[in-house]
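Asks: Protein chains in written order, with the numbering used here: chain G, 1 to 338; chain Y, 1 to 544.
There may be inaccurate statements among the hints.
As the list claims (entries may be wrong) - With beta-carbon atoms standing in for the labels, derived distance ranges:
# : chain 1 : residue 1 : chain 2 : residue 2 : range
1 : G       : P38       : Y       : A66       : 51 to 59 Å
2 : G       : Q60       : Y       : R461      : 49 to 57 Å
3 : Y       : W282      : G       : G210      : 50 to 58 Å
4 : G       : D67       : Y       : A66       : 48 to 56 Å
Said to hold, decoys possible - Counterexamples of contact, computed for chain G against chain Y with all Cβ distances above 12 Å:
#  : residue
5  : L53
6  : I78
7  : V97
8  : L101
9  : D166
10 : E171
11 : F199
12 : L235
13 : S244
14 : D256
15 : T290
16 : T299
17 : A305
18 : V320
Calculated directly from the structure, the hints in this document are not laboratory data.
Predicted model, so just to flag it, every value in this text is computed and none were measured.
Ideal Cβ positions, reconstructed from N, Cα and C, are used throughout, including at glycine.
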Amino acid sequence: MSGRLELAGATVRFGTTVALDGVDLVVAPGGVVVLLGPSGSGKSTLLRAVAGLQPLDAGQVSVDGVDLARVPPHRRGIGLMFQDHALFPHLDVAANVGFGLRMRRQPAGEVTATVAELLTLVGLPGTGRRAIQTLSGGEQQRVALARSLAPEPALLLLDEPLGALDRPLRERLVAELRQIFDRLRLTVVAVTHDQAEAFALADRLVVIDGGRVLQQGTPAEVWGAPVSAQVARLLGFANVASASVDDRRIVSPWGDVGPAQGPVAAVVVRPDGVLLDPNGPIEGTVVASTFAGARVRLTVAATGAPLLDVEVRGPIAPRVGAAVRLTISPSAVTGMTS
Amino acid sequence: MIRRRWAAALLGPPVAFLTVFFAWPVANIVGEGLRGDSGWDLSGVGAVLGDPALRQVAWFTLWQAAASTVLTLLVALPAAHVLARLEFPGRRLLQALIVVPFVLPTVVVGAAFVALLGPSSPVGIDLQGRVGGILLAHAFFNHAVVVRTVGGLWEGLDPRTEEAARMLGASRWQAFRTVTLPTLRPAIASAAAITFLFSFTSFGVVRILGGSSRTTLEVEIYRQTADLLDLPVASVLALLQLTAVGAMLVVQDRLERRRGRTAAALRPSARRAPRGPGERAWLVGNLVALAVLLGTPLATLLERSFRTTDGGHGLAAWRALGEASRGSGLFVAPVDAVANSLRFAVVATVVAVTLGGLAAAALARAGGRAARLLDAILLLPLGTSAVTVGFGFLIALDEPIDLRASPVLVPLAQAVVALPFVVRTMTPVLRSIDPRLHEAAAVLGASPGRAWRAIDLPIVRRAVLVAAGFAFAISLGEFGATTVIARADAPTVPVTIARLLGRPGPLNTGQAFALSVVLMVLTASAVLVVDRWRSRTVGRGGWV
Numbered sequence: 001m002s003g004r005l006e007l008a009g010a011t012v013r014f015g016t017t018v019a020l021d022g023v024d025l026v027v028a029p030g031g032v033v034v035l036l037g038p039s040g041s042g043k044s045t046l047l048r049a050v051a052g053l054q055p056l057d058a059g060q061v062s063v064d065g066v067d068l069a070r071v072p073p074h075r076r077g078i079g080l081m082f083q084d085h086a087l088f089p090h091l092d093v094a095a096n097v098g099f100g101l102r103m104r105r106q107p108a109g110e111v112t113a114t115v116a117e118l119l120t121l122v123g124l125p126g127t128g129r130r131a132i133q134t135l136s137g138g139e140q141q142r143v144a145l146a147r148s149l150a151p152e153p154a155l156l157l158l159d160e161p162l163g164a165l166d167r168p169l170r171e172r173l174v175a176e177l178r179q180i181f182d183r184l185r186l187t188v189v190a191v192t193h194d195q196a197e198a199f200a201l202a203d204r205l206v207v208i209d210g211g212r213v214l215q216q217g218t219p220a221e222v223w224g225a226p227v228s229a230q231v232a233r234l235l236g237f238a239n240v241a242s243a244s245v246d247d248r249r250i251v252s253p254w255g256d257v258g259p260a261q262g263p264v265a266a267v268v269v270r271p272d273g274v275l276l277d278p279n280g281p282i283e284g285t286v287v288a289s290t291f292a293g294a295r296v297r298l299t300v301a302a303t304g305a306p307l308l309d310v311e312v313r314g315p316i317a318p319r320v321g322a323a324v325r326l327t328i329s330p331s332a333v334t335g336m337t338s
Numbered sequence: 001m002i003r004r005r006w007a008a009a010l011l012g013p014p015v016a017f018l019t020v021f022f023a024w025p026v027a028n029i030v031g032e033g034l035r036g037d038s039g040w041d042l043s044g045v046g047a048v049l050g051d052p053a054l055r056q057v058a059w060f061t062l063w064q065a066a067a068s069t070v071l072t073l074l075v076a077l078p079a080a081h082v083l084a085r086l087e088f089p090g091r092r093l094l095q096a097l098i099v100v101p102f103v104l105p106t107v108v109v110g111a112a113f114v115a116l117l118g119p120s121s122p123v124g125i126d127l128q129g130r131v132g133g134i135l136l137a138h139a140f141f142n143h144a145v146v147v148r149t150v151g152g153l154w155e156g157l158d159p160r161t162e163e164a165a166r167m168l169g170a171s172r173w174q175a176f177r178t179v180t181l182p183t184l185r186p187a188i189a190s191a192a193a194i195t196f197l198f199s200f201t202s203f204g205v206v207r208i209l210g211g212s213s214r215t216t217l218e219v220e221i222y223r224q225t226a227d228l229l230d231l232p233v234a235s236v237l238a239l240l241q242l243t244a245v246g247a248m249l250v251v252q253d254r255l256e257r258r259r260g261r262t263a264a265a266l267r268p269s270a271r272r273a274p275r276g277p278g279e280r281a282w283l284v285g286n287l288v289a290l291a292v293l294l295g296t297p298l299a300t301l302l303e304r305s306f307r308t309t310d311g312g313h314g315l316a317a318w319r320a321l322g323e324a325s326r327g328s329g330l331f332v333a334p335v336d337a338v339a340n341s342l343r344f345a346v347v348a349t350v351v352a353v354t355l356g357g358l359a360a361a362a363l364a365r366a367g368g369r370a371a372r373l374l375d376a377i378l379l380l381p382l383g384t385s386a387v388t389v390g391f392g393f394l395i396a397l398d399e400p401i402d403l404r405a406s407p408v409l410v411p412l413a414q415a416v417v418a419l420p421f422v423v424r425t426m427t428p429v430l431r432s433i434d435p436r437l438h439e440a441a442a443v444l445g446a447s448p449g450r451a452w453r454a455i456d457l458p459i460v461r462r463a464v465l466v467a468a469g470f471a472f473a474i475s476l477g478e479f480g481a482t483t484v485i486a487r488a489d490a491p492t493v494p495v496t497i498a499r500l501l502g503r504p505g506p507l508n509t510g511q512a513f514a515l516s517v518v519l520m521v522l523t524a525s526a527v528l529v530v531d532r533w534r535s536r537t538v539g540r541g542g543w544v
């Protein structure tokens, strides 16, 4: 496939639970689309439905308007990298990577050459003869990537691509993955529950929960203007609360937080826009403090309001137990309609 | 090495038991055959190996075992897939039920196939004396070995590796052949080896279904000893069989070692409902095949036990179980045989579980080469001719105490046969206890004794019950050794069944079928109760 992937009303039920609830989604060729959602949100089911591993109960998956319902997984030309890799334990690295090529009956010489090329691409040259069990988590990840790239799929699906790895490795691999995807001009659909991973990988972000698409856009668009309290929480925002409008001002549990441009049912307050201010209207006590190098994240119990996360520069951070006064900068506030 | 010394101490009693009640009798039999009046005489070996009739027996033993193995794999592998991968109503019950044939006494299996495919077959096929009946009976008997061994691994295989192959362009069949089959191969080979072993040493089934023309080594050993009183020939045959079985165990050990490596990829099972008409047809087809292969012999057996001499149905055969009628050639009423069997089985179970438990504890502590060697040695009685063990008892156990007329002889022989199963069941369970659990308990303030009570005891208790259930079922059904040792006035149920089947007259046959039903119910209930414990332990922590 080389064209437009489209899901229309895609629905999957497992017994009484609805894993996918009429999902409509369009993925244009080129670029990386990341589905962000908590575990059980239906994001993996969506990937499996696109791959053809999970039949739909209703709706359809199509490419350039052609329904894929009757196309079995091995004829879809779609690559899938599984969570925890699912490498073949009885085959060595080269045989794992070359599997898809052998399925296409490519001559052995060609397979060997392509495998060597791919192992170099993922930074593991010369490891072909090694057993899968001797690889570290990061190496397995790279082998799994090389394996799914080998048959040159036009669309590559990634299920929690970096989920099992530790953090420094993840950050390095995200950058590498982006480079490889750009170089090969691949269309990629990835799912993850990790906001940082999603922001780092995505050209386009799709927030999903309860089997439904809640919001989509560029990472900046979604991060800058979550459409609902639910999305804001899924994006990792802590300062989310219901709110109302009074005389064109947003009224939140933390008080008046700025002008309203329309109806508002909830607000999200970015922690870097909450300022320590001796004359601030919010009174509270620091109940927790997390050191993060140049910045410190404080949790403040404000009088008569939910806990408020505050991000300040290290040197000026008050200690736990200190009484503080705070001001919320209106630019850090986003009003949402639900 | 405190652990090693412990292991050695635990091994003392089981090793002593096997030396006295297995190695010594078998060595006696072999010695009896190979020693002339003036020292060793190996001319008997040449004579036996040169005898075309006996060569014919050896050849038949070999090829019928190979054919039985192939047939068993052909019918059981699809069933293993269905039970390991698909979810459907009644699956758990079916999974418990398919074990029943394996624990059925071989005599009952023989009787069931005589009922189904004998001279008065309801489907009009008479395979008695033909190899087809023997092969089918072996497939019936060993089916569960394949389903359990292969299915157990299959169930734990990550379905995503097969899906990964599909995403890389493999068709369903290619994915199975290139990914699933290689992973299953060690388990398949291991199950095939066990099936081959059981078919190779088959006694009860062949004696009942084979007639006079089809004999295996085991049946020939019995014939040479009991009917022809030719001990030298019998002992050479026993030696031959022992050598073959030893070789097979070495092969099995190799396979077992390879199997250990793939076990790493296990995860919780991923069964799902069948999808699409293809999968549904596959499921239904397999269920029908299971019903035909496993169900019809037993159903026919049950039906025939109620058939009366005039062709109608009634309780005549069942009523006759209470009498020692003259025409049956029995000294005691069949119901007394039931009482004997139960008594013997209880004693044999206690002996086998006690000694097997000690051996398993030792094996679980030991590691590496020594453990594997021990494991293989403890398995040896499994493959040795039970008939040989029985005759060995009669020859060897006269000094220092003459046990030959003692009533404990039968349960002791049965314990020898059941011991490998007990060890096999308990060792993995004991081995699975994570030593970190002890460390965790110790850190939480438990003394070593308390830690053992809190952690090991509940697990060990279940393992003991499971092993006891199997040992009980095996003792109830043991035929090869018991038929040689049991005194005419104290026969067991299998011995009585074989005697009744060997007599003419529909009432005798009817009684044999009725008694087979009784034995079937007894062994099946022992094993089904065990299976409930087993599945409960799996639910709790996956111990067995």
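Asks: Indicate, hint by hint, whether the structure satisfies it.
Replies: Right, here's what the structure says about each hint:
With their beta carbons about 56 Å apart, P38/G and A66/Y fall inside the hinted range of 51 to 59 Å. Look at Q60/G against R461/Y: about 55 Å separates their beta carbons, and that is inside 49 to 57 Å. Between W282/Y and G210/G the beta carbons are some 35 Å apart, a value that contradicts the proposed interval 50 to 58 Å. Evaluation of the 48 to 56 Å hint for D67/G and A66/Y yields a pass: the beta carbon distance comes to about 50 Å.
Against the 12 Å criterion, L53/G falls within the reach of chain Y, whose nearest CB is about 5 Å from its own CB. The Cβ of I78/G sits about 7 Å from the closest Cβ of chain Y, inside the 12 Å cut-off, so the non-interface label is violated. With 12 Å as the threshold on Cβ separation, the claim that V97/G sits away from chain Y is violated: the shortest Cβ distance comes to roughly 10 Å. In this structure L101/G is not separated from chain Y by more than 12 Å, as the shortest Cβ-Cβ distance comes to only about 9 Å.
Every Cβ of chain Y is farther than 12 Å from the Cβ of D166/G; the closest lies at roughly 21 Å, confirming the non-interface assignment. Its beta-carbon lying about 26 Å from the closest one in chain Y, E171/G satisfies the requirement of being farther than 12 Å from that chain. Non-interface status of F199/G relative to chain Y is upheld: no Cβ of that chain comes within 12 Å, the nearest being about 27 Å off. Residue placement check: L235/G keeps its beta carbon more than 12 Å from all beta carbons of chain Y (closest about 29 Å).
At the 12 Å boundary, the C-beta of S244/G stays outside the reach of chain Y, the nearest C-beta of that chain being 48 Å off. For D256/G, the condition that its CB be more than 12 Å from all CB atoms of chain Y holds, with the nearest at approximately 53 Å. No beta-carbon of chain Y comes within 12 Å of the beta-carbon of T290/G; the shortest separation is about 30 Å. Distance check for T299/G against chain Y: the nearest CB is about 33 Å away, which clears 12 Å, and the non-interface claim stands.
Listed as a non-interface residue, A305/G keeps its Cβ farther than 12 Å from every Cβ of chain Y; the least gap is roughly 42 Å. The claim that V320/G lies off the interface holds: its Cβ sits roughly 31 Å from the closest Cβ of chain Y, which is beyond the 12 Å cut-off.
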